[in-house]
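**Q** Model the full assembly from the supplied sequences, consistent with the hints where possible.
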Amino acid sequence: MKISTLWYCFQQGLKNIKRNLLFSLASVGTIVACLFLFGIFYAIVMNFDAIMQQMEESVAVTVFFDEGISEEQIKAIGEEIRIRPEVNTMDYMSAEDAWEYFGPQLFDGNQEMIQAAFGSDNPLKDHASYNITVSDVSKQAELVKFLEGLDGVRKVKSSEGTAKSVASINSLVGYASIGVIVILLLVSIFLISNTITIGITIRKEEISIMKLIGATDFFVRTPFIVEGITIGLAGSIIPCVILFFMYGMVVDFLSNTFSDLMSWLTFLPRGEVFNTLIPICLLIGIGIGFVGSVVTTRKHLKV
Amino acid sequence: MLVLDHVTMKYPTGTTALNDVSITIEKGEFVFIVGSSGSGKTTLMKLLLKELDPTSGSIQINGKDYAKVKRKDIPKIRRDIGVVFQNFRLLKDRNVYENVAFAQRIVETPPRYIRRQVPSMLTLVGLGDKYKSYPKELSGGEQQRVALARALVNNPSILLADEPTGNLDPKNSWDIMNLLEEVNKRGTTVVVVTHNREIVNAMKKRVVTLKKGTIVSDVKKGGYIDED
Ligand SMILES: Nc1ncnc2c1ncn2[C@@H]1O[C@H](COP(=O)(O)OP(=O)(O)OP(=O)(O)O)[C@@H](O)[C@H]1O
Ligand SMILES: [Mg+2]
Numbered sequence: 000m001k002i003s004t005l006w007y008c009f010q011q012g013l014k015n016i017k018r019n020l021l022f023s024l025a026s027v028g029t030i031v032a033c034l035f036l037f038g039i040f041y042a043i044v045m046n047f048d049a050i051m052q053q054m055e056e057s058v059a060v061t062v063f064f065d066e067g068i069s070e071e072q073i074k075a076i077g078e079e080i081r082i083r084p085e086v087n088t089m090d091y092m093s094a095e096d097a098w099e100y101f102g103p104q105l106f107d108g109n110q111e112m113i114q115a116a117f118g119s120d121n122p123l124k125d126h127a128s129y130n131i132t133v134s135d136v137s138k139q140a141e142l143v144k145f146l147e148g149l150d151g152v153r154k155v156k157s158s159e160g161t162a163k164s165v166a167s168i169n170s171l172v173g174y175a176s177i178g179v180i181v182i183l184l185l186v187s188i189f190l191i192s193n194t195i196t197i198g199i200t201i202r203k204e205e206i207s208i209m210k211l212i213g214a215t216d217f218f219v220r221t222p223f224i225v226e227g228i229t230i231g232l233a234g235s236i237i238p239c240v241i242l243f244f245m246y247g248m249v250v251d252f253l254s255n256t257f258s259d260l261m262s263w264l265t266f267l268p269r270g271e272v273f274n275t276l277i278p279i280c281l282l283i284g285i286g287i288g289f290v291g292s293v294v295t296t297r298k299h300l301k302v
Numbered sequence: 000m001l002v003l004d005h006v007t008m009k010y011p012t013g014t015t016a017l018n019d020v021s022i023t024i025e026k027g028e029f030v031f032i033v034g035s036s037g038s039g040k041t042t043l044m045k046l047l048l049k050e051l052d053p054t055s056g057s058i059q060i061n062g063k064d065y066a067k068v069k070r071k072d073i074p075k076i077r078r079d080i081g082v083v084f085q086n087f088r089l090l091k092d093r094n095v096y097e098n099v100a101f102a103q104r105i106v107e108t109p110p111r112y113i114r115r116q117v118p119s120m121l122t123l124v125g126l127g128d129k130y131k132s133y134p135k136e137l138s139g140g141e142q143q144r145v146a147l148a149r150a151l152v153n154n155p156s157i158l159l160a161d162e163p164t165g166n167l168d169p170k171n172s173w174d175i176m177n178l179l180e181e182v183n184k185r186g187t188t189v190v191v192v193t194h195n196r197e198i199v200n201a202m203k204k205r206v207v208t209l210k211k212g213t214i215v216s217d218v219k220k221g222g223y224i225d226e227d
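In order, the protein sequence lines correspond to chains C and D. Under numbering that gives the first Met the number 0, the final residue of the first sequence carries the number 302; numbering is consecutive throughout. Under numbering that gives the first Met the number 0, the final residue of the second sequence carries the number 227; numbering is consecutive throughout.
Only true hints are included.
Computed list of lysine to aspartate or glutamate pairs in EDC-like fashion (alpha-carbon distance at most 20 angstroms, straight line):
hint: 1; chain 1: D; residue 1: K210; chain 2: D; residue 2: D19
hint: 2; chain 1: D; residue 1: K91; chain 2: C; residue 2: E204
hint: 3; chain 1: C; residue 1: K17; chain 2: D; residue 2: D92
hint: 4; chain 1: D; residue 1: K9; chain 2: D; residue 2: E50
hint: 5; chain 1: C; residue 1: K203; chain 2: D; residue 2: D92
hint: 6; chain 1: D; residue 1: K45; chain 2: D; residue 2: D72
hint: 7; chain 1: D; residue 1: K67; chain 2: C; residue 2: D216
hint: 8; chain 1: D; residue 1: K45; chain 2: C; residue 2: E205
hint: 9; chain 1: C; residue 1: K144; chain 2: C; residue 2: E85
hint: 10; chain 1: D; residue 1: K91; chain 2: C; residue 2: E205
hint: 11; chain 1: D; residue 1: K26; chain 2: D; residue 2: D4
hint: 12; chain 1: D; residue 1: K135; chain 2: C; residue 2: E204
hint: 13; chain 1: D; residue 1: K69; chain 2: C; residue 2: D216
hint: 14; chain 1: D; residue 1: K75; chain 2: C; residue 2: D216
hint: 15; chain 1: C; residue 1: K14; chain 2: D; residue 2: E97
hint: 16; chain 1: D; residue 1: K49; chain 2: C; residue 2: E204
hint: 17; chain 1: C; residue 1: K74; chain 2: C; residue 2: D90
hint: 18; chain 1: D; residue 1: K211; chain 2: D; residue 2: D225
hint: 19; chain 1: D; residue 1: K220; chain 2: D; residue 2: E181
hint: 20; chain 1: C; residue 1: K17; chain 2: D; residue 2: E97
hint: 21; chain 1: D; residue 1: K49; chain 2: C; residue 2: E205
hint: 22; chain 1: C; residue 1: K1; chain 2: D; residue 2: E107
hint: 23; chain 1: D; residue 1: K135; chain 2: C; residue 2: E205
hint: 24; chain 1: C; residue 1: K203; chain 2: D; residue 2: E97
hint: 25; chain 1: D; residue 1: K184; chain 2: D; residue 2: D79
hint: 26; chain 1: D; residue 1: K75; chain 2: D; residue 2: E50
hint: 27; chain 1: C; residue 1: K1; chain 2: D; residue 2: E97
hint: 28; chain 1: D; residue 1: K45; chain 2: C; residue 2: E204
hint: 29; chain 1: D; residue 1: K49; chain 2: C; residue 2: D216
Read the hints as simulated data drawn from the structure, not as lab findings.
**A** Below you can see the structure in the form of structure tokens.
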């Protein structure tokens, strides 16, 4: 296949679009809608993931020990916990550390009153603890059960409720978006295939003439495939551009409106989302165009 | 060499267009196919182009049996055959230049040759000044000449022409026939379907006469045979 032939097929493909403009635009429109929704879901899921990750890092399990337990025993328990796969980070806070940390906060930090109340005793002497963060919120319950079963453990504190709801919302958003996107993809492929079928039907006589004077299937087919890919490409560039500008505006709006929530509701920078979103969109768009046109031409061009 | 061996063509409608036809056309021959309307001339041409497959019998081109040609090899065979269809079959959405150039694009002629050969081919058939027109803007005779230009531009080794002068005045008809004879002298096998009695009689070529799907006469240096 020579370059000049490919170039010719390319030009013919663009001409096909022009001749079949209305249907081409309809196909582009569907793909735009499809990828636009996809992009929105994608941005939401990605941000959600980031927020989740933050929460996972802050959602901690705290383990307290039986009274009178020795430092060695605590260390031994620590070793047992550390090898669990659910554990992300693990900090030991000794009784002294705990008192040093919480003590000065008592009585509004009035040293004399603290001194008067406790002297040199450590009121938290049985409050040595491990602070554990989990690598995956959905596995937290499992870890808590394990910890409660350990010898020498008095109490396990965890924020179970939050962990559960965060995990279930995340998977719900994931499933819903996958469902919608799959449906829209199928609609897009169907519409592209329809557009090309119409193109082929209109040009049935032309196609049979081409074949009778010796054109190969490739020669007849390539313009239609160029048509499909171009439609797919247009259909993916448009939503990418719209989303790119929209993302900044929405993030700005949310940040201003819910500024008190901003401590835990932080958004990913635009670059981080679109670094992956743009290539994925282009790939899907071109893929839809390619698959739609290849399947359709294979079905109709048997002359 | 073209060979039809006991070829019968029955359309799905039940019409038997050709009935047990055998004919051999040597390389470099010039053959007229004549016969009244409906006698099977166009059907014969379609079989030679493998636009149709015969109901029975075999067709060979340069020793290749059409029945054994794979689908993907059909274009190769057709590229060696120039064809003028009875109803022209030009590409409606392209102008005269593009219609002729198309035949060259199919065989991947370099664009610089296309730019040179298409205008000279159009001049040869007397349409040098109409290259920008679309088929619907041309008269029947002009469309016929575009079809001929398209058929000849690749220097095919076989030319099939179904009534190439059907819409032309006597002067233009003779010009086209002289062109076909010229092409034939350069080595192309030429098969021409025609109703033009005067030309057939004057040119003294081989004449095959069809009647109701069978060959009723096949004469070297023959003439137009009248229906009884
Ligand atoms: N596609 C078709 N389907 C069914 N019957 C057909 C078809 N094409 C041709 N026929 C029939 O086959 C017979 C031969 O037709 P053909 O077109 O070969 O005749 P012809 O010799 O070319 O006639 P003309 O001089 O009018 O062009 C006719 O009876 C015609 O009705
Ligand atoms: Mg005919």
